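From first to last, the protein sequence lines are chains Z, P and V. Using the numbering used here, the letters of the first sequence map in sequence onto residues -11 to 192. Using the numbering used here, the letters of the second sequence map in sequence onto residues -11 to 192. Using the numbering used here, the letters of the third sequence map in sequence onto residues -11 to 192.
Worth flagging that the hints you see were computed from the coordinates, not collected in a lab. Mixed in with the good hints there might be a few duds.
Since the list gives no way to pick out one identical chain from another, each pair is judged satisfied if it fits inside one copy or across any two copies.
DSS-like cross-link-like pairs, simulated, lysine-lysine; straight-line CA separation at most 30 Å [said to hold, decoys possible]:
| # | residue 1 | residue 2 |
| --- | --- | --- |
| 1 | K179 | K14 |
| 2 | K181 | K69 |
| 3 | K95 | K14 |
Being a predicted model, the structure only gives us computed values, none of them experimental.
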Amino acid sequence: MDIFYTLDLLGTLAFAISGALVAIAKRLDPFGVFIVAFTTAVGGGTLRDVLIGRTPVVWMTDLNYIYVIGLAVVLAIVFRKNWKKLSKSLFLFDTIGLGVFTIIGTKIGIIANLHPIICIALGTISASFGGVIRDILCNEIPVIFRKEIYATACIIGASAFILLSEIPLNKDLNSMITVGLVILIRLIAVKYKLSLPTFYHNNS
Amino acid sequence: MDIFYTLDLLGTLAFAISGALVAIAKRLDPFGVFIVAFTTAVGGGTLRDVLIGRTPVVWMTDLNYIYVIGLAVVLAIVFRKNWKKLSKSLFLFDTIGLGVFTIIGTKIGIIANLHPIICIALGTISASFGGVIRDILCNEIPVIFRKEIYATACIIGASAFILLSEIPLNKDLNSMITVGLVILIRLIAVKYKLSLPTFYHNNS
Amino acid sequence: MDIFYTLDLLGTLAFAISGALVAIAKRLDPFGVFIVAFTTAVGGGTLRDVLIGRTPVVWMTDLNYIYVIGLAVVLAIVFRKNWKKLSKSLFLFDTIGLGVFTIIGTKIGIIANLHPIICIALGTISASFGGVIRDILCNEIPVIFRKEIYATACIIGASAFILLSEIPLNKDLNSMITVGLVILIRLIAVKYKLSLPTFYHNNS
């Protein structure tokens, strides 16, 4: 499906730019910026592929991901002083990526004949673990473990995709609806600053 | 072997609870708590499976691990103020897990026809690298690299299992003896606060 | 090719010693020192093998790597007060390792029939990601993301190997020339303190 693949690459671009901007702020050199952009963009899909034994991993067989990430690094560096103005567009692409990556990962689990719960896990890993690896590389506790509805949107979207697969619904339509659902949940969460509660208490 | 599998799940529960408690203390949200609990419990076995190409990894084909970890997260959150009182039971289960995971990992290496040294390494990885990944996610230098006899107990237990495989001893009996050996070494190490020496000196 | 394999093990020794020295300085215990030495030496090759599905990974089928790393840990601990004097030899071996690992990784990509860009990536991963994993384990932002020409030397050497494969040149000669090229670039970079520029600016 052509639109879907286009959205996938657009999401990759947005993830890579956001990774590159974090790396630039951490004063990494261009190689470091590229690696952080790369892992942010395809780290989740790579982990997914490694866990299910789908090797060589995705970016080794479709070079478009690498080209898009290279472009993202150039854009991030060249326009590094201008991203504040573009942050709304970037956030939108990033959110599209979140939705698209979730459904791609979920579908790959279904094709590999894995249990629905595992498919949901794979969708969530695909969409959100690139950011986890980025934060580990940058020596931070992963931000999605601490605040904001992020992985939650993936889990709900992937679950909806699995449920809607049970009814006689066109597969592409199902993809579009559930990608939209992930995007919607994420947009609402950010707009209303929703986050999950934490349970810390002084144990001493 | 039924008892062995039960002990495996009990160990998974204990590892997951201890991971969840660390995550709660780090003020992670429920998703973060689940992921840290998950990686603590099955991260070692997952790394083992990925390294030898045994994919999809273990928790994708036996969902009991995920259910047990889900239960552990609920228990950890609900009773988060009471774990101090239960810390002895938790430590016991955790130590049982250490022993059981070691021997499971060692056996998987033997089945994959790998060299005894690699089998010992796989047993040790299975039992102790979940904690390593937990510490990396929580932005700490892994505790088992710094103090306490922990991996050492795994290495000795796995070596004993390999040696006892050479004599005509019932396999289940061998498992039970060497699981017990790991537990014993660990209990003695904790009771007498034994740890490996370090070699730091001011090099300047 | 015998010399090549000898250089491979010499590079492994040097990488492992440098990893062990970092771990000793971080006050890790002998188990921690071994694991950090191990991941520094074979972490890059392990990641490469996992990404392309070449499992069991390299050090599981050729135990010489483990023996050499064990030797390196013993040497690092015994002579821990003397490495300052030996730092030139250590740096030379380390640089040889960088060159050899790059070309080994690149060749493995070619054998796996992957795109030249992926082969260059695999060569770079083989040679430089052990150090990345070492830094993550030791809770640092990877040094090769921040300073010094390091991965850059790998990328240039791997690219040269691919280019020279296109002309009728003896394969071993090609290996030797391009290993030498990586070593040369690295030596020049260190001698003249060359590093890539960074792009940080205050974005507020």
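Taking the hints in turn, this is what the structure says about them:
no.	hint	result
1	K179 with K14	both (27 Å within a copy, 26 Å between copies)
2	K181 with K69	both (26 Å within a copy, 28 Å between copies)
3	K95 with K14	neither (35 Å within a copy, 34 Å between copies)
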